[in-house]
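Asker: Heads up: the sequence lines are chains A and B, in that order. Read in full-length UniProt numbering, the first sequence has 350 at position 350, and its numbers run on one by one without any break. Read in full-length UniProt numbering, the second sequence has 59 at position 59, and its numbers run on one by one without any break.
Don't read these hints as lab results, they were simulated from the structure. Even glycine gets a Cβ: it sits at the ideal position worked out from N, Cα and C. Heads up, some of the hints might be wrong.
Said to hold, decoys possible - A few chain B residues that face chain A, going by a derived Cβ cut-off under 7 angstroms, partial list only:
#1 V55
#2 N79
#3 V90
Said to hold, decoys possible - Per label pair, the in silico range of CB-to-CB distance:
#4 P302(A) / A73(B): 50 to 56 angstroms
#5 P51(B) / N3(A): 50 to 56 angstroms
#6 T68(B) / K18(A): 43 to 49 angstroms
#7 A73(B) / G36(A): 25 to 31 angstroms
#8 T68(B) / D112(A): 19 to 25 angstroms
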Amino acid sequence: MSNLNSLTIADARDALRKGDTTAVELTEACLTAIEGAGALNAFVHKTPEMARAMARAADARIQAGDATALTGIPLGVKDLFCVKGVPSQAASRILEGFRPEYESTVTRNLWDAGAVMLGKLNQDEFAMGSANETSCYGPAVNPWKVDDRPLTPGGSSGGSAAAVAADLCLAATATDTGGSIRQPAAFTGIVGLKPTYGRVSRWGVIAYASSLDQAGPLTKTVRDAAIMLGAMASVDPQDSTSADVAVPDYESLLTGDIRGKRIGIPREYRVDGMPPEIDALWHKGADMLRDAGAVIVDISLPHTKYALPAYYVIAPAEASSNLARYDGVRYGHRAKLGQGDGITEMYEKTRAEGFGPEVQRRIMIGTYVLSAGFYDAYYNRARKVRALIKRDFDMAFADGIDAILAPTTPSAAFGLGAMDGGDPVQMYLNDVFTVTLNLAGLPGIAVPVGLDRQGLPLGLQLFGRPFEEGELLNHALVLERAAGFVAKPDRWW
Amino acid sequence: MSITEDQARKVAHLARIAVDDAALPALARELNGILHFMEQLSEVDVTGVEPMTGVTPMRLKRREDVVTTGGMADRILSNAPDAREGFFAVPKVVE
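Let's have the full structure, built from the sequences with the hints guiding it.
Answerer: Written out as structure tokens, the structure is:
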């Protein structure tokens, strides 16, 4: 069998069970692909010895007839997840040298299922960014390109998306605080699932904004997303916001039948200046779902416009609090101190050296909006607007809407460095279609639907009801089948 | 509302991030740009709306208030930039 690394999880699982291949062969194929893909800068800490040992154990488990869907499947892990003994630094200098003494619940679940750890994947520093350009490792690069210009794989889970799209691994873990799973999925032509808040444990995932952060998979297909979510999700007593909701067998819910389902098209997502190609793709997606027997309904989510400013108050506020722990005392970087420097200078120098400019900016914005005199004007107002944004969705679902269809991003992947120029707000606008979901805590999935004029992938996203990922995945499966997106980037790396 | 250089200095200090005086004007400008973007929120009528604290209408989990783990000082200190005799070491705090 050639190109084992380009298999989907479902196909690899079937091949492993039939004895057509082994976990060791699958893993070696991925390790070779990773070695040849340095130009993508996707894997930033490789763990080949660990991978080989886990693959051997997986083969023994398959032999013993004790395999799960993920046994022997080689995965990449976003740097944000703590993996015991493996550098885990959220792509930040401030966590240089940090090797966790513990395992995140998500990776623990994956290893318990028999998955194989290939290494840690690039991302934006502390998941703050939309182009993977804030990483201390330098940017990950999109395997898709149209000319000599390197393109962004998106952010923050840019390394995860680049690795999956380039077949360096079969799937990857990622996190989504404002779109960090779905936007990179759209930019690289793969599937990205952001689960309901509380579906996947946050324990051991380095925190950015705790009320918004949610881990999920980046995969080659919708079916693989169902398999990965089933393994990543759990009810976890170590995360107080982990929901007490049993994890269903998501794959078994993929019937491909959405007849009679009501799909909402939110008019507020038709924003000024939206490229006609994105609008056309959106129409095409609605037609595909209609052809499959769904009913397309125009809906209104009136507070959509305010999601982005609300997000950029709430997320930095939470970040300023979460990132207070990086003080040069317990782990990571500590600045060299001058004569007479006390503990305050230690904190201030350590954090100035350890955090990159975007992280510093968000910590300071968060500090400002939480400071005395501004708390009500910014933070409390943003939280009230957030309640209204969630109410918009609640009302749509109460009206009998089963899923909502929207574009994932306002453009295809852009050039690395294209947003340099000093206006952080321009970069924030990338998240215009994705942040609403995080504010409302809902599940969403990005599906590749077509290529733009230049030949770059474009995606659509579906939003679902809370804890109804099974139904959401089923809608996504229908869209995936109808779109028939099979394009792969030409290998240049 | 707009941020002066003095306020930018104060925010940087509250955030415990050292910022050179020379960098303060640019920082103030950037923060102002972001805050200006957030001003849109003042257009929304939020009368009678409770600020949202969490997305799921569930009560945070409770557990018995008992010690569940411990006795791993060496593991906790293993990543410290400076640990001595079983403690985190920091510059002198009290004169």
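Asker: Confirm or reject each hint.
Answerer: How the hints compare with the structure:
1. V55: Holds, because the Cβ-Cβ distance from V55(B) to chain A comes to roughly 3 angstroms (cut-off 7 angstroms).
2. N79: holds, 4 angstroms
3. V90: This interface hint holds because 6 angstroms falls under the 7 angstroms limit.
4. P302(A) / A73(B): 50 to 56 angstroms: Given a distance of about 54 angstroms, which is inside 50 to 56 angstroms, the answer is holds.
5. P51(B) / N3(A): 50 to 56 angstroms: The hinted range 50 to 56 angstroms holds for P51(B) and N3(A), with Cβ atoms some 52 angstroms apart.
6. T68(B) / K18(A): 43 to 49 angstroms: For K18(A) against T68(B), whose Cβ atoms are near 44 angstroms apart, the range 43 to 49 angstroms holds.
7. A73(B) / G36(A): 25 to 31 angstroms: Because 44 angstroms falls outside the window, the suggested range is violated.
8. T68(B) / D112(A): 19 to 25 angstroms: holds, 21 angstroms
Hint 7 alone, counting from the list given before, is not met by this structure.
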